[in-house]
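Order-wise, the sequence lines are chains P and A.
Read in order, the letters of the first sequence correspond to residues 1 to 366 in my numbering.
Read in order, the letters of the second sequence correspond to residues 1 to 126 in my numbering.
Among the clues, some could well be false.
[Unchecked claim] One side of the interface only, derived from the structure: several residues of chain P facing chain A at Cβ under 10 Å: (1) 19; (2) 30; (3) 36; (4) 232; (5) 234; (6) 276; (7) 279; (8) 295; (9) 319; (10) 320; (11) 322; (12) 340; (13) 343; (14) 347.
[Stated by the list, open to error] So the derived label-pair ranges between C-beta atoms look like this: (15) P/294 <-> A/20: 29 to 39 Å; (16) A/50 <-> P/311: 29 to 39 Å; (17) A/18 <-> P/91: 53 to 63 Å; (18) P/325 <-> A/13: 26 to 36 Å; (19) P/6 <-> A/77: 50 to 60 Å; (20) P/335 <-> A/20: 52 to 62 Å; (21) A/18 <-> P/178: 50 to 60 Å; (22) P/336 <-> A/111: 36 to 46 Å; (23) P/350 <-> A/13: 20 to 30 Å; (24) P/183 <-> A/6: 24 to 34 Å; (25) A/2 <-> P/168: 48 to 58 Å.
Just so you know, these hints were derived from the structure itself, not from any lab.
Idealized CB from N, CA, C, for every residue including glycine.
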Amino acid sequence: MSDLQRTPLRDFHAARGGRLVDFAGWEMPVQYRSILEEHKAVRRAAGLFDVSHMGEVEVKGPQALDFLENLVTNEVARLIPGKVLYTPMCAADGGTLDDLLIYLRAPGEYLLCVNAGNIAADLAWMARQAEGFAVTVTDRSADYALLAIQGPASVAILQSLTGAKLGMLANYTFCEGTVAGVSCLISRTGYTGEDGFELYHAPADAVGLAEALLAAGAPHGLELAGLGARDSLRLEAGFPLHGHELSPAISPVAAGLGWTVKLGKARPSLAHAALTREMAEGAARRVVFFRTGDRRIVRADAPVRGADGAIVGRVLSGTLSPLLNEAIGSALIDRAAAGGPLSVDIRGVEIGLLSVRPPFVPLRRG
Amino acid sequence: MSNIPADLHYAKSHEWIRLAADGTALVGITDYAQSSLGDITFMQLPKVGAILATGATFGVVESVKAASDLYLPAAGVVLAVNPALEASPEMLNRDPYGEAWMLKLKLDGSAPLELLDATAYARHVG
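Start from the sequences and build out the full structure, keeping to the hints where you can.
So this is what it looks like as structure tokens:
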């Protein structure tokens with residue numbers, strides 16, 4: 001795996017039993033002990049994830065806001081310093097190029113967090129869109145490591161290591177502070193549906209910070225968690241993963257993320273016309289989430305059949321919900337069939353898909 | 001390192017077989033197999049009384065990561081299947097040579113697959 005990129009925690013993971021795999025060109029731990037046990041630890045207590053492979057992009061300049069409003073579908077003007085915004089980034093046809101977080105650090109100074117597999121394409125797209133705006137777009141991915149601590153115990157664990165007043169930090173806000181002596185951007189965000197934090201910090205500090213969090217968290221039941229649990233947690237919470245529930249072929253409207261498309265914003269996005277049409281007419285296909293009542297996992301790309309046996313879509317994501325102990329997933333389904341009976345074939349057995357409005361399990365935060 | 005008991009025989013496809021003096025045998029999957037699959041989530045086994053040929057697909061084991069067919073190391077009649085496995089497939093991750101045995105067979109005496117002893121299997125999984 002020598003051609004893969006490594007986070008500063010690669011050896012830390014290997015020394016703790018992390019099973020390292022190729023994820024979007026990065027050598028990342030998919031699990032340590034067990035995906036199912038790590039998943040349950042996050043819902044029960046807390047989990048520590050290395051997500052340093054995520055990309056960071058700095059956007060600065062007098063027209064940074066204008067540039068971003070054109071670039072993304074949510075309304076960036078709503079941000080005040082210290083707030084975080086989740087938004088899709090769409091092409092002119094409404095297809096989703098990526099989904100990202102936007103941090104407003106100071107007026108005219110934004111930090112974007114993008115998916116690891118999309119960093120190069122996002123930067124190229126942003127450079128093109130930046131033409132004509134007084135803005136600089138800079139790849140800062142190499143300047144940040146990123147640890148996520150997620151789960152109901154994460155606030156108590158993190159508070160034991162920082163003077164920052166975490167009780168004052170609402171969901172989707174952030175502050176700058178030190179954690180175990182390490183300068184961090186402390187963000188109350190995550191990808192599990194649990195309370196939690198994401199800590200942006202210098203790569204040289206990553207091992208020390210991870211060790212401090214593990215030590216402080218052990219009495220609370222904190223466990224290391226890999227990307228396998230991260231994926232099952234986000235699917236159980238009903239969060240999209242770019243390349244699955246969102247893609248250049250799936251707009252935020254089709255994905256059921258209409259709330260992230262602000263058609264009325266003062267400076268419309270470059271996808272405004274396409275998304276306005278899709279909102280008005282309804283998406284031709286939509287993302288539906290399902291459970292099956294069966295333990296057989298419904299795998300991505302499996303064809304989905306409708307009432308008369310015709311193929312009406314395909315599976316986007318599938319896993320076993322460790323809490324429900326049954327298969328859950330998502331599928332992209334033709335609009336006409338989306339309300340009707342759906343099924344997939346698994347090794348000759350017809351498995352019915354029961355549509356569910358996520359989250360699949362009660363979450364401490366939505 | 002994976003656990004490879006010396007008293008079993010192994011198929012290259014990672015099933016083990018424990019041959020008994022009375023012509024019966026127990027079959028399961030190896031520690032290496034369960035570890036490679038990761039968290040096992042589903043198990044499908046044949047019916048008692050099924051007559052299976054050497055190399056037949058006798059079941060499916062599925063993990064969070066993937067589903068894999070299981071191949072019979074030696075032909076025979078299925079005398080018993082482990083009743084606990086379908087309800088608790090995760091026991092395969094805990095004890096693949098003990099409580100998570102899969103089948104008990106009455107061997108029919110025909111040629112088994114090319115089986116490996118523990119040393120050869122250890123080399124095979126390298």
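How the hints compare with the structure:
1. 19: At about 8 Å, which falls below the 10 Å cut-off, the nearest Cβ of chain A leaves the hint on residue 19 of chain P intact, so it holds.
2. 30: This hint holds: residue 30 of chain P lies near chain A, its Cβ roughly 8 Å from the closest one there, short of 10 Å.
3. 36: Check passed: Cβ of residue 36 of chain P comes within 5 Å of chain A, closer than 10 Å.
4. 232: 7 Å, holds
5. 234: 14 Å, violated
6. 276: Violated. Min distance 40 Å.
7. 279: 36 Å, violated
8. 295: 4 Å, holds
9. 319: 6 Å, holds
10. 320: 5 Å, holds
11. 322: 9 Å, holds
12. 340: With a minimum Cβ separation of about 27 Å from chain A (threshold 10 Å), the hint on residue 340 of chain P is violated.
13. 343: Violated. Min distance 18 Å.
14. 347: Hint holds; residue 347 of chain P Cβ to chain A Cβ min 6 Å, cut 10 Å.
15. P/294 <-> A/20: 29 to 39 Å: Holds, at about 35 Å.
16. A/50 <-> P/311: 29 to 39 Å: 33 Å, holds
17. A/18 <-> P/91: 53 to 63 Å: The hinted range 53 to 63 Å holds for residue 18 of chain A and residue 91 of chain P, with Cβ atoms some 59 Å apart.
18. P/325 <-> A/13: 26 to 36 Å: Given about 28 Å between the Cβ atoms, the range holds.
19. P/6 <-> A/77: 50 to 60 Å: 53 Å, holds
20. P/335 <-> A/20: 52 to 62 Å: Roughly 60 Å apart at Cβ, these two residues keep to the hinted range, so it holds.
21. A/18 <-> P/178: 50 to 60 Å: 58 Å, holds
22. P/336 <-> A/111: 36 to 46 Å: 56 Å, violated
23. P/350 <-> A/13: 20 to 30 Å: 28 Å, holds
24. P/183 <-> A/6: 24 to 34 Å: 55 Å, violated
25. A/2 <-> P/168: 48 to 58 Å: About 50 Å separates the Cβ atoms of residue 2 of chain A and residue 168 of chain P, which means 48 to 58 Å holds.
In summary, the numbered hints that this structure violates are 5, 6, 7, 12, 13, 22 and 24.
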